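Visitor: Please work from the sequences and hints to get the whole structure.
Chain by chain, the residues run as shown.
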Amino acid sequence: MCLAVPGRVVKIEERDGTRMADVDFGGVVKEVCLEYLPDLQVGEYAVVHVGFALQRLDEESARQTLELFESLGMLQEEFGDPWELAAEAGGTPPPKREEARK
Amino acid sequence: MKYIDEFQNPDLARRLLDEIHATVTRPWALMEVCGGQTHSIIRHGIDQLLPEQVELIHGPGCPVCVTPLEVIDKALEIASRPEVIFCSFGDMLRVPGTGRDLFRVRGEGGDVRVVYSPLDALTIARQNPDRQVVFFGIGFETTAPPNAMTVYQARRLGVRNFSLLVSHVRVPPAIEAIMQSPSCRVQAFLAAGHVCSVMGVDEYPELAERHRVPIVVTGFEPLDILEGVRRTVAQLERGEHTVDNAYPRAVRPEGNQAAKAMLEDVFEVTDRSWRGIGMIPGSGWRLSPKYREYDAEHRFSVEDIRTSEPAECRSGEVLQGLLKPHECEAFGTLCTPRTPLGATMVSSEGACAAYYLYRRLDISPAPREATSVV
Ligand code: SF4
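These protein sequence lines map, in sequence, to chains A and B.
The first sequence begins at 1 in UniProt numbering and counts up by one.
The second sequence begins at 1 in UniProt numbering and counts up by one.
These aren't lab readings, by the way, just hints derived from the structure by calculation.
Hints may contain errors.
[Unchecked claim] Part of the chain A face toward chain B, derived, beta carbon under 8 Å: (1) VAL10; (2) LYS11; (3) ASP16; (4) THR18; (5) ASP22; (6) VAL28; (7) CYS33; (8) GLU35; (9) GLN41; (10) VAL47; (11) HIS49; (12) GLN55; (13) ALA86.
[Said to hold, decoys possible] Derived DSS-like pairs (lysine-lysine); straight-line CA-CA distance at most 27 Å: (14) B:LYS260 - A:LYS30; (15) A:LYS30 - A:LYS11; (16) B:LYS260 - B:LYS290; (17) A:LYS11 - B:LYS260.
All values derive from a computational prediction rather than experimental measurement.
Ideal placement from N, C-alpha and C gives every residue a C-beta, glycine not left out.
Guide: Take a look at the structure:
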């Protein structure tokens, strides 16, 4: 959870009066809040933590970090299925997926 | 040097290591504050690549590990209620409360959901107006602004069935507490890069000056850590104690002003108890009076919960840098990531889990005599 991952802004729009973006983390696209970096533009990179852009980053270091995270399996830890990860850790079968409850 | 080839840039890593080896003349004890750094250090064997005189002490920087047992038990109690949808980050699912964890609560029928962002919890609240949606707000200065924004948005949008179970912690008072201990061996700090991305470095010069410790803002990739250690050791050898930023690509001196302003509006500083360590004055945040109606503890009256920690677990000493994980008797036997006794084993950022995962079972010197830091 400490992890802050660099990502690239692909789309910006206002949702419910809040500045939001679609951000690409090496292939995984997530919705990210831009209220703390309101002047961030499409194509720029930022350090993102739990769905919030917190600081700008240059492209070169963003790419390097993403590659490193990928090779260490840390993106899987951040974006993989948390119930499966927790079940694996506990040695019991995963419960029903989130979707089943909706 | 069996790990160095796995570094992203082995040549640069070697150069940094050579320079550190050439600079050191005496033993130094450095504390890395962030759990992400601990993980990276153990995973890459950085502590074994450094000169023998440079000791890395693992600090209390894993938010999952330091969340007090009372708060976990409150979360379990609230999550068990039929009217509640309890939302959390995934790494809290296996943190043991008294007798069970959130994973078990879900197995017993509780509606526990994992979200990527606190704003997702707010969305769930808007989609389920007849349920109570509670978000588990833990973490350091990096995680607090997103949670603060979510409460702010809940109020702005008039969402009344949302609340936050808050247990945020702040790094500088923890550094202060560690330095004040008579048994403290720490001579310098590698400050947590992403905490400083938000907070900047304002809070550190005074600490560095008063305790005469270098504080070097450090990232958590292997090369960042080596660079942080290089700069820290250079200061120590020169007898300096200033605040230095070895992670400028993500840390501006002033931090993120908008995030700091939101923290100021939504939260107020409070004393907080750290799991395994105890009370540290001024080391946490709670919702400010203006936002009290969004406080899950008030809404669900869970103030009176009693707790008991397993007696074998020494994670308090591990968190304070007084004991290395493998020196705990339960390590790897009674206590493993599958059957964790303490939070430092359950969280992947915890020091016990890092040692277990990367097989530091071989080295077991006699335990140091343990005393309390705080
Ligand atoms: S090994 Fe387990 S029991 Fe020992 S300190 Fe770590 S978490 Fe606690």
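Visitor: Could you check the structure against the hints above and give me the numbers of any it violates, in ascending order?
Guide: Per hint list: 1, 2, 5, 6 and 9 violated.
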